[in-house]
Every structure is written in structure tokens, then in C-alpha cells.
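A.B. asks: Protein chains in written order, with this note's numbering: chain A, 677 to 798; chain B, 28 to 351.
Be careful, since some hints might not be right.
With a straight-line cut-off of 30 Å between C-alpha atoms, the simulated DSS-like cross-links for lysine-lysine are [as the list claims (entries may be wrong)]:
#1 Lys-763(A) with Lys-310(B)
#2 Lys-151(B) with Lys-204(B)
#3 Lys-722(A) with Lys-280(B)
#4 Lys-169(B) with Lys-790(A)
#5 Lys-280(B) with Lys-790(A)
Keep in mind the hints are simulated off the structure, nothing from the lab.
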Amino acid sequence: MMMKRVYLASVAVVLVAATVLLARSPSVSANAQRQAAAAPGVNDVKIDNFSFGPGTLSVAAGTTVTWTNRDDITHNVVSTDGVFKSKVVDTDENFSYTFAKPGTFSYFCSIHPKMIGKIVVQ
Amino acid sequence: VSIFDDQKELDRRGFLHCMAWVGTAAVWTLSGGVLKGTPIEQVARGAAAKGRMPAGLRFVQISDSHIGFDKPANPDVTETLRAAIAKINGASEPPAFVLHTGDLTHLSKPAEFDTLQQILTELKVPVFYVPGEHDVLEDDGKSYLERFGKSTKGAGWHSFDHSGVHFIGLVNVVNLKAGGLGSLGAEQLAWLERDVKRLKSSTPIVVFAHIPLWSIYPEWGWGTDDSAQALSYLKRFGSVSVLNGHIHQVMQKVEGHITFHTAMSTAFPQPAPGMAPSPGPMKVEANRLKKVLGIARVSFHDVRHPIAVTDVALEESGQAMAIG
């Protein structure tokens with residue numbers, strides 16, 4: 677019986693996660709529209725479920741990008757080429773970096789290196 | 028929807044298979060490279076029939092105490108660590124020492140290290156450490172090394188001998204590469220090769236490290252990129268046991284003469300591989316938490332004979348019971 681409860685609990689977790697993902701999709705597309713405008717300003721990357729979203733973000737030079745951690749676990753944001761490195765970003769904390777010059781900036785979470793992302797500055 | 032339905036039974040089975048070891052006590056013995064799982068009651072009966080088990084080397088593995096974590100999955104990780112220590116101190120035969128396989132703290136803060144150090148003074152035996160990725164978040168692990176790695180090499184790797192068994196603590200949580208898994212690095216691998224060169228092949232080896240040294244679920248980073256190189260130096264040894272943490276649940280594997288084992292956390296459980304959108308902390312009902320947290324008791328009754336690993340939850344469920 678205990679195992680059955682575990683299974684039901686896990687289904688509940690998956691359903692809740694799916695609901696959250698569905699609920700968030702409109703804001704993701706809203707972000708995408710803002711990015712399409714590529715105006716200098718603040719742009720957001722959300723850290724959810726051990727991934728950066730959007731995985732690739734295109735912005736204009738001079739844009740400040742803000743990463744916000746929405747996981748219940750610590751992450752960080754580290755440039756693969758040593759351009760920038762956040763301190764630990766705990767739950768609901770954020771990190772910002774202003775991209776002054778054009779280029780492609782790959783980054784990852786050095787705590788969970790499977791998490792990778794890219795900022796394309798035009 | 029239909030794909031989900033088709034896979035539901037398989038997923039359920041896989042999940043139950045994985046979960047079967049969480050919150051359950053079982054004894055694993057390694058004999059001639061073949062791992063045998065035995066329900067704990069059977070072991071207890073066998074021991075009772077033969078009288079007391081002979082004295083041998085006993086030690087305990089604790090892991091992933093995450094001091095400083097305060098999220099819903101466990102708002103009081105110091106209390107559950109204290110419960111683990113009470114388990115260890117309450118054993119009828121005390122262990123020779125304790126191994127902590129990393130993630131001592133959650134955020135590498137000095138206050139968190141201090142709290143952990145203070146709680147572990149309640150143990151009456153020495154503790155040997157390796158760091159987890161949560162212990163080296165700032166200052167390249169200096170806070171960790173000052174407290175727990177004084178006589179270690181590099182990022183905290185070290186070895187020692189006890190009762191004829193050679194113990195090797197490895198560090199696979201620093202200098203991680205984008206997109207990669209855990210990493211030991213060339214310097215540590217060279218040290219390991221030298222470290223075991225002088226040993227007889229009959230010497231039992233116990234390797235302990237934070238991230239699993241076998242590929243459990245690379246999609247979640249549950250593996251180590253250069254573990255095969257490390258294990259190649261241990262091929263000639265007849266008995267090699269690898270103890271890891273990081274995944275907050277019990278998993279076992281045998282590959283040739285090498286037995287791999289991961290321990291429960293004392294802080295919070297994590298989902299079985301692929302059973303959740305991410306490997307983040309898993310919230311269970313409050314009355315189940317201590318059934319999915321625990322320690323691992325390891326014993327060598329005689330160095331020429333198999334080792335046994337007993338996973339003991341902080342609170343046993345159902346009929347399962349712990350042996351001291």
C-alpha cells in the first residue's frame with residue numbers, strides 16, 4: 677500500500693509540474709515577443725526544473741539579462757569563457773549581467789553542468 | 028495521452044523497482060563478484076541461529092546532510108542529521124569511523140560548516156570527508172578544505188588504511204565542464220594510480236566519492252565523465268566497493284568485481300531517475316520523510332570475506348528492521 681501511495685504521489689507531482697508548465701507558457705511567448713523587438717532593456721531567463729528558459733536568448737547590445745531561480749535548489753550562472761560568473765543563486769534570487777558588446781555567450785550552471793544556455797548579443 | 032497510457036505500467040514498475048530500496052532495510056553481500064540481496068529479517072534469523080556475528084571492521088556512511096537547506100522537502104535538516112547520529116551512536120556495536128560522502132552543507136556558508144561540525148561532534152568516532160558540489164560553491168572550496176581537508180591533496184582527495192582495507196576518498200565536484208558530468212581530472216587520476224601501485228591485489232579497496240562513479244542517469248548529471256579511467260587502476264584488485272551519495276536514494280550495481288552503492292541523504296529525498304521533470308528535492312508526506320532518509324552501515328567481518336552494506340532509514344517502515 678505504501679508503494680501505491682508513492683506512485684500516486686509521483687503522478688500528482690508530474691501533474692502539478694505539467695499544470696505549472698502549461699500555465700507558464702503564455703508568459704514564455706510574451707518574452708519571445710519582447711525578444712523579437714530586441715530593444716535594449718531587461719530580459720529574463722528563468723531557471724526551472726534544472727534548465728534555463730529560453731535556452732538561447734537573443735538581445736541587443738547594452739541589454740541587461742536577469743536570471744531568476746525558480747527551483748527549490750541552488751544554481752549559478754557561469755560563462756563558459758570566463759566572461760561572467762554569478763555567486764550562488766538560491767530559490768527566488770536572481771543574477772543580472774549587462775552585455776555591452778555583440779557576440780555569442782555560452783554559459784552553464786557549474787553546480788549542475790548539464791544545464792547550459794546561450795545569450796546571443798546583436 | 029496514449030503514449031503516456033502505454034508507458035504507465037512500465038514506468039510504474041520501474042518506479043516501484045527503484046523505490047523499493049528507499050526506506051527499506053536490506054543486506055547486500057558481495058561474494059565472488061556476485062551481489063546477493065537478502066531480506067533483513069532472514070539475515071537476522073541467520074545471525075541468531077549462528078550466535079553473534081564475529082567482530083570485524085564496521086563503519087557507517089552518511090551523505091548529503093545539506094545543512095542550511097530549508098525548503099518544504101525538509102524544513103529542519105539539522106534535526107534529521109541529529110536523528111542519523113542517534114542511529115549511529117545507538118548501535119549495539121559502534122562503528123570504527125564514519126564516512127561523509129559530501130554535500131555537508133547546502134550553500135558552503137561558514138555558518139553551515141560550523142553547524143555541521145558541531146553536530147558531528149556528537150559522534151564518538153572519527154569522520155572522514157569528501158566534498159559535494161554544494162561544499163565548494165564559493166572560494167574554490169577553501170572553507171571546506173580548512174575545516175575538513177587539512178591533510179588531503181588537491182581539492183580534498185586522500186586515502187588511508189584501516190584493518191587491512193585501503194580507503195580512497197575522491198573528489199569529482201570541482202572544475203566541472205559545461206554539459207558534462209562529475210569530473211576527477213588528470214591530477215587526481217595520476218595521484219590515484221600512484222596511490223594504489225604499492226598495494227597487493229588482495230587488498231580490499233573502498234572508494235568513496237560524492238557523485239556516483241557509475242553512469243546512473245547522465246540526463247540528470249548522475250555519473251562521472253572520467254570514472255572509467257579511475258576504475259581501470261582498480262581492475263587488478265579482487266574486492267572493490269564504491270560508495271557514493273548525490274542522488275539521495277539507494278541504488279546498487281555490480282560490474283565484474285566492483286560493487287557500486289549509493290546512500291540515502293539525511294536531508295531530503297530525490298526522485299527516481301526520470302520519474303520527475305527534474306532531480307530537485309522531492310517532497311513526501313511529513314510522516315514518510317524519515318522513512319526515505321537514512322544511513323548506510325558497512326561491515327567487513329573478515330577482510331577475506333564479503334563486505335555487507337545495510338541501508339537503514341531513520342524510521343523503519345513495516346516489518347523491516349535494523350540490525351545493530
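A.B. asks: Now tell me, hint by hint, if it's right for this structure.
C.D. replies: Comparing the hints with the structure gives:
1. A threshold of 30 Å between alpha carbons decides the hint, and for Lys-763(A) with Lys-310(B) the separation of about 26 Å falls inside it, so the pair holds.
2. Of the pairs offered as hints, the one joining Lys-151(B) and Lys-204(B) is violated, with about 39 Å between alpha carbons and a cut-off of 30 Å exceeded.
3. For the proposed pair Lys-722(A) and Lys-280(B), the alpha carbon gap of about 36 Å is over 30 Å, so the pair is violated.
4. About 25 Å separates the Cα atoms of Lys-169(B) and Lys-790(A), which keeps this hinted pair within 30 Å; it holds.
5. In summary, the hint linking Lys-280(B) to Lys-790(A) is supported, as the alpha carbons are separated by about 23 Å, within the 30 Å threshold.
The structure fails hints 2, 3 (numbered hints given earlier, in ascending order).
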